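Asker: Here are the chains, one letter per residue:
There are 2 protein chains.
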Amino acid sequence: MPDTNATRTRILDAAERLFARSGYDAVSIREIMREADTQLGLMSYYFASKEALLEAVVARRSSHLNDRRCACLAIIAGTAESSIEQIVDVLLAPFFELVSEEGEAWKSYAKLNAQLAQSPRWSGLIKENFDDMTTLLIDELERIVPGVARADILRAFVIAIGAMLAVLATSGRMRSLSNGYVLDEDFDAIRPQLGEFMSGGLRQALGLSDRNAR
Amino acid sequence: MPDTNATRTRILDAAERLFARSGYDAVSIREIMREADTQLGLMSYYFASKEALLEAVVARRSSHLNDRRCACLAIIAGTAESSIEQIVDVLLAPFFELVSEEGEAWKSYAKLNAQLAQSPRWSGLIKENFDDMTTLLIDELERIVPGVARADILRAFVIAIGAMLAVLATSGRMRSLSNGYVLDEDFDAIRPQLGEFMSGGLRQALGLSDRNAR
DNA sequence: GTCTATAGGCTGATAGAC
DNA sequence: GTCTATCAGCCTATAGAC
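Chains as they are written, first to last, in the numbering used here: chain Y, 1 to 214; chain X, 1 to 214.
Calculated directly from the structure, the hints in this document are not laboratory data. Careful: at least some of the hints might be erroneous.
Copies of the same chain look alike in the list, so a pair counts if it works inside one copy or between any two.
The calculated lysine to aspartate or glutamate pairs, modelled on DMTMM-like cross-linking and capped at a C-alpha distance of 20 Å, are [to be verified]:
{"no.": "1", "residue 1": "Lys127", "residue 2": "Asp67"}
{"no.": "2", "residue 1": "Lys50", "residue 2": "Asp25"}
{"no.": "3", "residue 1": "Lys50", "residue 2": "Asp67"}
{"no.": "4", "residue 1": "Lys127", "residue 2": "Glu55"}
All values derive from a computational prediction rather than experimental measurement.
With these hints in hand, go ahead and build the complete structure from the sequences.
Answerer: And the structure:
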């Protein structure tokens, strides 16, 4: 039973929301505590520092997401039915389910991770929380695409993750380019295209020109 | 003859380098002026504010890059030889040429843009500098992929740009996942995979399953 | 666990000498 | 154009009352 403490949870929620919206450096502890409706000093009581607060925000949800993804992977891993589409879906399905179930919080969490994953400054934090899961997926991809160099598989998969994170970042670029008609936050419309894009991109980057190739 | 003033240019170079490395908010004007080997007060003399300095950094190179991309697009636009691969190459070729010609500065510039393009906070700045060029590319893509809804083309293309920007961000994720063997900065190795990924992703996201389809 | 007060330092921006 | 000095405000983090 994590986070039985209501104040601590409110601080984590507020930090997640504000870090996602404006970025780690642009948000002050004061703003976070105001959003959490608490006193400034309580940040140090629950978390040692602003950076430790960020780490707690990321860690809070990563294990749950990784558990769901591992469960998805376990169904296909090592079987003859495994495919590029299904490996992509191990990344996408659990996340989009959580967005439908619990809504805005997971959107903020994803948006924050998209920012952190882009900068070498936080690569240690991202590594700790996601590299185990990602390595399992790359292993499975390597299994079903024999004969392709590990380095090429790794590069292609990191590009695929980058495409996913670019969507989760909801930058406003779609809105801008469409004069307001296409919304970056409309995950229901974007998700199928993202899945197709990641699968098609991986297949071609790995030199599997036939759509029906595993 | 832009930037005949040496000090102004040094400030722009320093800001570009530091903003790219650490992010806009994490860099102080003092650090930039120290890196530029000048005095603090000169920032206000040449640029009105820190934000205006950022805008100047982006604008300095965007017109040159857009000119090169427009020249590439002009060769194929409206012709029967136009293809998804070539449209992707309009994005990639000019940039990677500039990296080979002038090296680190364009890498920093790209890394900075990758950060700015991810946040709604800077969507106005990105729009001003890149939306005209991007719209031309989407128009050409729409021409060679008839029957696909504009909104779907736009979404797919923004995802493709996201994949490109994720590479240009050089997050360190490849290095981390490979225990140091695959380097995010090794553009020579990544570029062909990125091109294949973007083309294959676009083709599948747009529902063109046949590789030889235009 | 909660709240107030404050330390010590850095921030963006400006005024004015040269 | 360059440089120094400085303002007013905000920052993270902590100490200590309750």
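Asker: Please flag the earlier hints that this structure goes against, numbers listed from lowest up.
Answerer: Hint 3 is the one this structure does not satisfy, whereas the remaining hints hold.
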